[in-house]
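> Sequence:
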Amino acid sequence: MHSPTRSLFSPTASRTTGIIPETSVISPRSISSRSELEISIHTLQNEQERVQKKTFTKWVNIYLSLHEPPYFINDLFEDLKDGTKLIALLEVLSGQTLPVERGNKRAHYVSNVSNALRFLESRKIKLVNIGPLDIVDGKPTIILGLIWMLILCYQKI
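341 is the number of the first residue of the sequence shown in this note's numbering; add one for each residue after it.
Be a bit skeptical, because a hint or two may be false.
[As the list claims (entries may be wrong)] Pair by pair, the computed Cβ-Cβ distance ranges are:
1) Pro410 <-> Thr481: 24 to 30 angstroms
2) Gln385 <-> Ile491: 18 to 24 angstroms
3) Gln436 <-> Ile379: 43 to 49 angstroms
4) Gly471 <-> Arg390: 21 to 27 angstroms
5) Leu406 <-> Ile379: 41 to 47 angstroms
What the hints contain is simulated information worked out from the structure, not anything from laboratory work.
Note that the Cβ used here is the ideal one computed from N, Cα and C, for glycine as well.
Build the full structure now, drawing on both the sequences and the hints.
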């Protein structure tokens with residue numbers, strides 16, 4: 341029988357039992373070269389990013405549905421680029437109104453994201469290595485980190 345902790349590292353674990361098929365388990369014996377190890381690590385990182393993206397997208401959509409008018413995002417990395425939905429999320433979370441530039445140029449996107457990040461900094465929320473261009477460029481690691489900070493600061497348990 342497999343240990344439950346092994347299922348945390350496998351995208352092929354059964355959702356109902358948590359049991360991993362023997363062929364998908366990554367173990368030192370199953371990795372014969374450094375490149376195979378790197379591929380395995382990359383695969384695990386991709387799976388972690390996929391799960392975080394899906395989970396964080398659901399969290400964001402719960403709050404965006406409370407905005408007037410309600411918003412919805414399909415792709416966390418693409419749909420936050422222009423800053424409007426990020427601002428809408430912050431408005432719902434904080435109960436305050438933030439300025440939004442309506443435009444479809446990169447300068448408008450950068451301005452909106454900058455306003456959102458300045459607002460967070462004014463609320464004493466630490467944003468380490470998160471810049472407006474990172475969000476506008478859709479950098480997954482940065483966006484996931486930003487949403488995680490919002491969850492930590494605003495999620496009511």
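> Kindly confirm whether 18 to 24 angstroms is satisfied by the beta carbon distance between Gln385 and Ile491.
holds (20 angstroms)
> That 41 to 47 angstroms hint for Leu406 and Ile379 (C-beta), does it hold up?
Because 42 angstroms falls inside the window, the suggested range holds.
> May I ask you to test the hint 24 to 30 angstroms on the CB atoms belonging to Pro410 and Thr481?
The hinted range 24 to 30 angstroms holds for Pro410 and Thr481, with Cβ atoms some 28 angstroms apart.
> Is it true that the C-beta distance of Gly471 to Arg390 lies inside 21 to 27 angstroms, as the hint says?
Roughly 24 angstroms apart at Cβ, these two residues keep to the hinted range, so it holds.
> The hint says 43 to 49 angstroms between Gln436 and Ile379; measuring C-beta to C-beta, is that right?
holds (46 angstroms)
Checked against the numbered hints given earlier, this structure breaks none of them.
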